Amino acid sequence: DAGVTQSPTHLIKTRGQHVTLRCSPISGHKSVSWYQQVLGQGPQFIFQYYEKEERGRGNFPDRFSARQFPNYSSELNVNALLLGDSALYLCASSTTPSGGLQPQHFGDGTRLSIL
Amino acid sequence: KQEVTQIPAALSVPEGENLVLNCSFTDSAIYNLQWFRQDPGKGLTSLLLIQSSQREQTSGRLNASLDKSSGRSTLYIAASQPGDSATYLCAVVPSGSARQLTFGSGTQLTVLP
Chain A
1 DAGVTQSPTH LIKTRGQHVT LRCSPISGHK SVSWYQQVLG QGPQFIFQYY
51 EKEERGRGNF PDRFSARQFP NYSSELNVNA LLLGDSALYL CASSTTPSGG
101 LQPQHFGDGT RLSIL
Chain S
1001 KQEVTQIPAA LSVPEGENLV LNCSFTDSAI YNLQWFRQDP GKGLTSLLLI
1051 QSSQREQTSG RLNASLDKSS GRSTLYIAAS QPGDSATYLC AVVPSGSARQ
1101 LTFGSGTQLT VLP
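Chains A and S are the protein sequences, given in the same order. Position 90 (the first sequence) corresponds to 90 in our numbering; numbering is contiguous. Adding 1000 to a residue's 1-based position in the second sequence gives its number in our numbering.
Some hints here could point you the wrong way.
Restricting the straight-line Cα-Cα distance to at most 27 Å, the calculated cross-link-like pairs of lysine-lysine (DSS-like) are [as the list claims (entries may be wrong)]: (1) S:1042 <-> A:30; (2) S:1001 <-> A:13; (3) A:30 <-> A:52; (4) S:1001 <-> S:1068.
Label pairs and their in silico Cβ distance ranges [to be verified]: (5) A:69 <-> S:1069: 40 to 50 Å; (6) S:1016 <-> A:80: 27 to 37 Å; (7) A:102 <-> S:1096: 31 to 41 Å; (8) S:1069 <-> A:16: 44 to 54 Å; (9) A:38 <-> S:1081: 24 to 34 Å; (10) S:1042 <-> A:20: 15 to 25 Å; (11) A:15 <-> S:1105: 43 to 53 Å; (12) S:1022 <-> A:20: 37 to 47 Å; (13) A:102 <-> S:1083: 31 to 41 Å; (14) A:80 <-> S:1082: 14 to 24 Å.
From the structure, some residues in chain S lie toward chain A, with a derived Cβ separation under 8 Å [as the list claims (entries may be wrong)]: (15) 1040; (16) 1042; (17) 1044; (18) 1046; (19) 1049; (20) 1053; (21) 1086; (22) 1089; (23) 1100; (24) 1101; (25) 1103; (26) 1104; (27) 1105.
Just so you know, the hints here were simulated from the structure itself, not pulled from any lab data. What you are looking at is a predicted structure, and each value in this text was computed from that prediction instead of being measured. We put the CB at the ideal spot given by N, CA and C, even for glycine.
Produce the complete structure using the sequences and hints provided.
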């Protein structure tokens, strides 16, 4: 079975632009979470979706938004990009919303660079 | 607010050594704790998950312990190999409705051949 897939793998944007990142969870996983990882730090939670509903939101500005589709894939959108948005964006999927016996499975991420 | 700390930030050991990585968290009200491995430029690979009611979990040469009351977890790696070189991250899921992972900054491990 395929793991969590994210696209694109790399992206270069300029300040003020908009970006859309995509994530396909493992088959059968209904929960998708997004994390931002700045170089040298641990990932920071952005959003969690379960069964197409937002279940959690981290401390990120309203420029960040997300949604989950009926097939459980997800998009992360970031508007008005800033230099500080440069990071590795990770998507994780699980059968349940982060709790229980099942670990979260992560994709390889999208490396976003803002010039 | 939950904070997770990992010490040391970097560790270099010769091949074959047994080693311990440390993780501490400020709020003992957790649902579970996970250890992950991250290779350069890659995503996270889940190594071990410990439920809040458990004391330890083992997988091959890895053993993770959890002392919830003192807010500490350790990851023990036996007979280290160069292929173990990576960044190791611990993360906790808090009890309650918010079930997102809160991560430490990681320990960068280098195993020298």
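request  = Find the hints from earlier in the document that the structure breaks and name them by number, from lowest to highest.
outcome  = 2, 6, 7, 11, 13, 14, 15, 20 and 21
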